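K.L.:
Residue numbers (our numbering), protein chains in the order written: chain R, 1 to 92; chain L, 93 to 449.
Honestly, the hints are just simulated from the structure, not real lab data. Computed from a prediction, not measured in an experiment: that's the story for all the values here. Idealized CB from N, CA, C, for every residue including glycine. Among the hints, erroneous ones may be present.
Not the full set, but computed from the structure, chain R residues with beta-carbon under 8 Å of chain L [stated by the list, open to error]:
{"id": "1", "residue": "Gln12"}
{"id": "2", "residue": "Asp13"}
{"id": "3", "residue": "Ser48"}
{"id": "4", "residue": "Gly50"}
{"id": "5", "residue": "Gln68"}
{"id": "6", "residue": "Thr69"}
{"id": "7", "residue": "Thr72"}
{"id": "8", "residue": "Val73"}
{"id": "9", "residue": "Ala79"}
{"id": "10", "residue": "Tyr87"}
Restraint-style ranges between C-beta atoms, simulated for each label pair [stated by the list, open to error]:
{"id": "11", "chain 1": "R", "residue 1": "Pro65", "chain 2": "L", "residue 2": "Ser227", "range": "39 to 49 Å"}
{"id": "12", "chain 1": "L", "residue 1": "Glu390", "chain 2": "R", "residue 2": "Pro65", "range": "19 to 29 Å"}
{"id": "13", "chain 1": "L", "residue 1": "Ala124", "chain 2": "R", "residue 2": "Ala22", "range": "32 to 42 Å"}
{"id": "14", "chain 1": "L", "residue 1": "Glu439", "chain 2": "R", "residue 2": "Lys76", "range": "12 to 22 Å"}
{"id": "15", "chain 1": "L", "residue 1": "Glu129", "chain 2": "R", "residue 2": "Ala6", "range": "33 to 43 Å"}
{"id": "16", "chain 1": "R", "residue 1": "Pro65", "chain 2": "L", "residue 2": "Arg352", "range": "45 to 55 Å"}
{"id": "17", "chain 1": "R", "residue 1": "His59", "chain 2": "L", "residue 2": "Gly353", "range": "34 to 44 Å"}
{"id": "18", "chain 1": "R", "residue 1": "Ala22", "chain 2": "L", "residue 2": "Arg423", "range": "30 to 40 Å"}
Spelled out from the first residue to the last, the chains are:
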Amino acid sequence: MNATVALRIERQDGAHGFDDPAVPGDWTIEAVTARAVPKLRYPKTDVSSGKPLRYSMLHDGVELPRDQTVGTVFPKRRARVHVVHEYVNAGR
Amino acid sequence: MSSTSMSTPAARPHRADAATRGVRLTLPVHAAGSTAEIELEPAHCERLFRAAAYVAIRDGDLRPGEEVFAQLVPGRTREQHGPVRCLDSCAVELLAAGGRLVTRVEFPRAVFAAFAAARAVHLLVAAGQAVETLSIAYSLHALDAVEEPFPVEIPALRHRSIAALTRRAVAHGTPADDWVVTFVAPDVLAGLDAIERLSRESGAEAAGRLHARVGFDRARRRFVRILERLVISRATSATGTTVVSTAASWGDFLAASTGRGPRAFSHLHTHLHLSDTTAGDGVPGDHLLSASPTLRAEGDPCVSIEDIVTHFTVFPDPLSAMLIVSLFRDRRVLKVYGYTPGAALREEPGYWVLPPT
Chain R
1 MNATVALRIE RQDGAHGFDD PAVPGDWTIE AVTARAVPKL RYPKTDVSSG
51 KPLRYSMLHD GVELPRDQTV GTVFPKRRAR VHVVHEYVNA GR
Chain L
93 MSSTSMSTPA ARPHRADAAT RGVRLTLPVH AAGSTAEIEL EPAHCERLFR
143 AAAYVAIRDG DLRPGEEVFA QLVPGRTREQ HGPVRCLDSC AVELLAAGGR
193 LVTRVEFPRA VFAAFAAARA VHLLVAAGQA VETLSIAYSL HALDAVEEPF
243 PVEIPALRHR SIAALTRRAV AHGTPADDWV VTFVAPDVLA GLDAIERLSR
293 ESGAEAAGRL HARVGFDRAR RRFVRILERL VISRATSATG TTVVSTAASW
343 GDFLAASTGR GPRAFSHLHT HLHLSDTTAG DGVPGDHLLS ASPTLRAEGD
393 PCVSIEDIVT HFTVFPDPLS AMLIVSLFRD RRVLKVYGYT PGAALREEPG
443 YWVLPPT
């Protein structure tokens, strides 16, 4: 049987967040992140370019590898994580 | 911007059909022979939703901490293109439990101008055209859509007396007193020195984020923003004209968050005005400036369309600020930009510096 992980997933500013008490342990970080984005009320596309935005998951201030599984990354089976994305500032 | 709060609770209709009344907005953009259409997601409009909630709090229509839902509805219709309404404005309706309408705030089409300009610049860059003289036309279209109302939760803002805070503070410029009053802690000023050194030594832009405590002066009906601490981002990718704050760069900032009390995140970056010629390591014409065409040494402090769009989409809270530190050969200029009640961005005319604690 595949163990599950309880995650508290929040946006960087804390404006939106949710608890998922049973994330399948064999899901990748990439898959969990992708599923979290709409629940966190994040945009899917970059309004400037129209291209899809790419999000990352952080735990304890460290960006998690996208290809690792939840069960591997969270051996304690419980964690609070943030989903964030990069942004550009430009002076030209 | 026009803001129309409902005057009395008794006048507020109930919105049992709230989930079916929303619209989806699009922005058709035309620039120099190229066209595109921006499909606005509800998340692109979060700054409007949150601005409407803060207006409602200011006007006494909503209590901080009370959860409401926002939906976009048409404002003034300019003309009708078949099933598509071409709008002069849109509105945000805030709905409380049971579909009660808390308030309705109207926003002009221009609230999306930066999005249209940013897409226009991308169109021109893709076409290999210069951005020197850019003519942009854009419309605001509304399509009926079944949109789930967008949850908006404003933290339970504590009372903060502006009079008590200003008693020992020093004014820089003429601090605004019409919506949000901004205070800067000494630690932030020390952080400015550090990021200036870093940026000058590297010859590249540098970025950081600021923790800010926020509150509400109930007597004066004004919001309070206290910029407490600057955390300089290490995981950035920067040139002389751009700085990318990577996903990993959030790590230090979030780890440094104490999490006590209502807060709003703000952000800061440097602009290098050190050259007599146009800084040249970006993509030509990839950014359109509203005031100054370049970062020349003789230019004025400026803000780019890219900066504005980043602020609108990544920092949608009305109490979030954007700080730009313009570094000239012989001086440093700090500009603070904050939201208006109409969800536009303005340069704050001043701020208060708090004494050391």
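K.L.:
Is the interface hint satisfied for Thr72 of chain R? The criterion is a beta-carbon contact with chain L at less than 8 Å.
P.N.:
violated (19 Å)
K.L.:
Given a hinted range of 12 to 22 Å, is it respected by the beta-carbon distance of Glu439 of chain L and Lys76 of chain R?
P.N.:
violated (47 Å)
K.L.:
For the hint on Asp13 of chain R, does the least C-beta distance to chain L fall short of 8 Å?
P.N.:
Nearest chain L Cβ about 5 Å off; hint holds.
K.L.:
With 8 Å as the cut and Cβ atoms as the points, is Val73 of chain R at the interface with chain L?
P.N.:
violated (15 Å)
K.L.:
Holds or violated: the 34 to 44 Å window for the beta-carbon distance between His59 of chain R and Gly353 of chain L?
P.N.:
violated (24 Å)
K.L.:
Against chain L, is Gln12 of chain R within 8 Å by beta-carbon distance?
P.N.:
Since chain L brings a Cβ to about 6 Å from Gln12 of chain R, closer than 8 Å, the hint holds.
K.L.:
Close enough to count: is the Cβ of Gly50 of chain R nearer than 8 Å to one in chain L?
P.N.:
holds (7 Å)
K.L.:
Between Glu129 of chain L and Ala6 of chain R, is the Cβ distance one that fits in 33 to 43 Å?
P.N.:
42 Å Cβ-Cβ, so the 33 to 43 Å window holds.
K.L.:
With 8 Å as the cut and Cβ atoms as the points, is Ser48 of chain R at the interface with chain L?
P.N.:
holds (4 Å)
K.L.:
Return holds or violated for the Cβ distance of Ala124 of chain L and Ala22 of chain R against the range 32 to 42 Å.
P.N.:
violated (53 Å)
K.L.:
Taking the CB of Glu390 of chain L and the CB of Pro65 of chain R, does the distance hold inside 19 to 29 Å?
P.N.:
Since Glu390 of chain L and Pro65 of chain R have Cβ atoms about 47 Å apart, the given range 19 to 29 Å is violated.
K.L.:
Just to be sure I understand the hint, the distance between the Cβ atoms of Pro65 of chain R and Arg352 of chain L should be within 45 to 55 Å; is that true here?
P.N.:
violated (31 Å)
The structure is inconsistent with the numbered hints 5, 6, 7, 8, 9, 12, 13, 14, 16, 17, 18, although it conforms to all the rest.
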